[in-house]
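S.K.: Please put together the full structure from these sequences, using the hints given.
Protein chains in written order, with numbering that gives the first Met the number 0: chain V, 0 to 221; chain B, 0 to 227.
What the hints contain is simulated information worked out from the structure, not anything from laboratory work. Computed from a predicted model, the values in this text were never measured in an experiment. The C-beta atom is built at its ideal place from N, Cα and C for all residues, glycine as well. One or more hints might be untrue.
[To be verified] Sample of chain V residues with no beta-carbon within 10 Å of chain B, all distances over it, derived:
{"no.": "1", "residue": "Asp5"}
{"no.": "2", "residue": "Met33"}
{"no.": "3", "residue": "Asp38"}
{"no.": "4", "residue": "Val39"}
{"no.": "5", "residue": "Thr41"}
{"no.": "6", "residue": "Ser71"}
{"no.": "7", "residue": "Gly72"}
{"no.": "8", "residue": "Gly92"}
{"no.": "9", "residue": "Glu93"}
{"no.": "10", "residue": "Gly107"}
{"no.": "11", "residue": "Val108"}
{"no.": "12", "residue": "Ser166"}
{"no.": "13", "residue": "Leu171"}
{"no.": "14", "residue": "Ser200"}
[What the hints assert, rightly or not] Covered by chain V, according to a simulated footprint, are these stretches of chain B (three or more residues, beta-carbon under 8 Å):
{"no.": "15", "segment": "1-9"}
{"no.": "16", "segment": "17-24"}
{"no.": "17", "segment": "83-95"}
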Amino acid sequence: MLHRIDHTPSYSLLEVTLDSGETVVSDAGAMAWMDPGIDVKTTTRGGILKGLKRAFLSGESFFQNTYTARRSGARIGFAPGPAGDIRHLPLRGELFLQKGAYLASSEGVQCDAKFDGLRGFFNEGLFILRVTGSGDLFFNSFGDIQEVEVSGEYVVDNGYAVAWEPSLSYRLSKARKIRSFLFSDQILLRFSGRGRVWVQSRSPHALASWVYPFRPRKKNNS
Amino acid sequence: MQIDILSRGAFRSALVRLSDGESFISESGAMYRASSNVDIDVTTRTKGKGSFLRGVKRLLGGESFFLSKYSVTGGAAGEVGLAPTLPGEVHRIELDGASEWITAGGSYLGSGGDVEIDTQFQGVKGFFTGESVFFLVARGRGPLLVSAFGTVREIEVDGELTVDTSHLVAYEGSLHYRVGKIAGSWVQSFLSGEGLAIHFTGRGRVYVQSHAPNEFGRRLGPLLPQRN
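M.R.: The following block contains the structure:
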């Protein structure tokens with residue numbers, strides 16, 4: 000499986016070239032275009048329960064699409080929802096992703112929702128994505144992706160962590176002064192251990208809050 | 000203090016490296032990553048005579064109520080990453096202690112610990128079109144970070160320049176300015192869709208952004224459910 004990622008980091012697009020019989024998996028809805036000679040199968044991959052968990056708990060699709068080439072050299076373009084970066088990672092083992100960050104992978108990679116406990120409550124919901132297996136993994140962000148090597152401790156603002164290695168543990172913390180909590184913008188993920196965390200340079204939440212005041216007001220005559 | 004503008008692509012941000020004893024201020028909520036030895040405090044003060052009232056004034060300036068202050072203690076160096084909300088560029092302006100810079104309310108991203116930040120209220124004219132005309136004044140010595148929605152065009156003024164308020168990012172304090180209408184009369188100015196303008200005279204630099212945040216907001220807002 001060959002791949003190239005074009006137009007990084009602002010309008011990244013993933014193009015995969017398959018050999019005959021080769022398969023790539025993506026989140027349903029990520030395919031932007033493809034050559035003829037590719038069979039598309041829509042499945043829950045791993046069973047209905049896994050699909051349900053993905054859909055309702057982790058912001059991904061219930062279904063995943065499996066693309067299998069009938070001929071060599073067939074190409075598929077995958078585009079993420081938000082404008083931003085796509086990163087490729089040769090996965091061997093396990094990686095955690097923020098909700099919605101999974102784009103595509105080779106067949107040997109499984110994607111499942113993971114209950115993250117109450118500590119995840121302030122982050123993008125109670126669940127995160129857990130990808131396991133070995134093969135190519137592609138994940139995406141809103142904005143640029145920066146890779147940070149953590150050795151010891153590193154702080155990432157809530158909602159900006161795209162992916163992190165299982166060798167890192169994290170806990171939620173507030174900025175030190177208690178009054179900062181009242182203003183709800185200083186909830187931090189404190190990663191510790193040794194490993195990599197990928198950080199995005201913009202937050203969909205922050206953008207949504209920014210747009211909020213532009214919403215029309217409800218009229219009072221109802 | 001070393002500042003890297005992470006300048007790949009359309010979603011730029013700044014990574015500020017602080018040595019022991021140094022500090023940096025930002026709009027609250029702008030921090031998205033930091034080393035663990037950075038102490039994050041919420042403040043209403045900057046250098047100078049800080050007060051609660053200044054925090055209120057800042058709210059009117061279009062920024063969050065409070066500023067965040069980052070400092071490093073304990074000997075080791077630390078880093079803080081700062082990002083604006085909207086896509087666009089981040090620029091660094093170096094304050095030399097002599098001249099001040101004025102930023103539009105929404106364009107202030109951060110500044111060095113020795114830079115004083117104050118709010119300037121530009122009168123009620125802004126309410127005519129619903130545009131706020133509030134500025135933040137930065138004076139002292141050190142770096143000032145501004146963010147733009149889109150790209151920044153730097154314009155050297157020698158004489159006169161008219162800028163739509165919603166496209167203004169920052170300007171040099173050596174310039175004189177007057178807030179006013181764009182067209183001949185208020186009605187025409189309103190109909191022209193250009194809203195309020197700032198007329199600069201004198202010599203100095205002006206930063207203008209390619210896109211107006213409030214125009215973007217006005218496109219998106221009506222597509223969303225009503226609020227109460």
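S.K.: Per the stated criterion, does the least C-beta distance between aspartate 38(V) and chain B lie above 10 Å, as a non-interface residue requires?
M.R.: holds, 35 Å
S.K.: For the segment 83-95 of chain B, do three or more residues have a beta carbon lying closer than 8 Å to a beta carbon of chain V?
M.R.: Since three or more residues must qualify, the claim that chain V covers the segment 83-95 of chain B holds, with 3 doing so at under 8 Å.
S.K.: Taking the minimum C-beta separation from aspartate 5(V) to chain B, is that value above 10 Å?
M.R.: holds, 13 Å
S.K.: Quick one: work out the minimum CB distance from serine 166(V) to chain B and report holds if it exceeds 10 Å, violated otherwise.
M.R.: Non-interface label stands for serine 166(V): nearest chain B Cβ at 17 Å, farther than 10 Å.
S.K.: Minimum C-beta separation from glycine 92(V) to chain B exceeding 10 Å: can you confirm that?
M.R.: For glycine 92(V), whose nearest Cβ neighbour in chain B is about 25 Å away, the distance exceeds 10 Å, so it holds.
S.K.: Decide, holds or violated, for the assertion that all CB atoms of chain B are farther than 10 Å from the CB of valine 39(V).
M.R.: The claim holds: valine 39(V) sits with its nearest Cβ about 31 Å from chain B, beyond 10 Å.
S.K.: Checking a non-interface call: every C-beta of chain B should be farther than 10 Å from the C-beta of glycine 107(V). Is that right?
M.R.: holds, 31 Å
S.K.: Once the closest CB in chain B is found, is it more than 10 Å from valine 108(V)?
M.R.: holds, 27 Å
S.K.: Can you tell me if the segment 1-9 of chain B counts as covered by chain V, using C-beta to C-beta distances under 8 Å and a minimum of three residues?
M.R.: As far as the segment 1-9 of chain B goes, the hint holds, because 4 residues have Cβ atoms under 8 Å from chain V.
S.K.: Was glycine 72(V) rightly flagged as not at the interface, with every chain B Cβ beyond 10 Å?
M.R.: holds, 30 Å
S.K.: So is serine 71(V) really clear of chain B, every C-beta pair being over 10 Å apart?
M.R.: Given a closest Cβ separation of 33 Å, the condition holds.
S.K.: When you look at the beta carbon of serine 200(V), is every beta carbon of chain B farther off than 10 Å?
M.R.: The claim breaks: serine 200(V) does not keep its Cβ more than 10 Å from every Cβ of chain B (closest is about 5 Å).
Hints 14, 16 from the list above are not met by this structure, while the remaining hints are.
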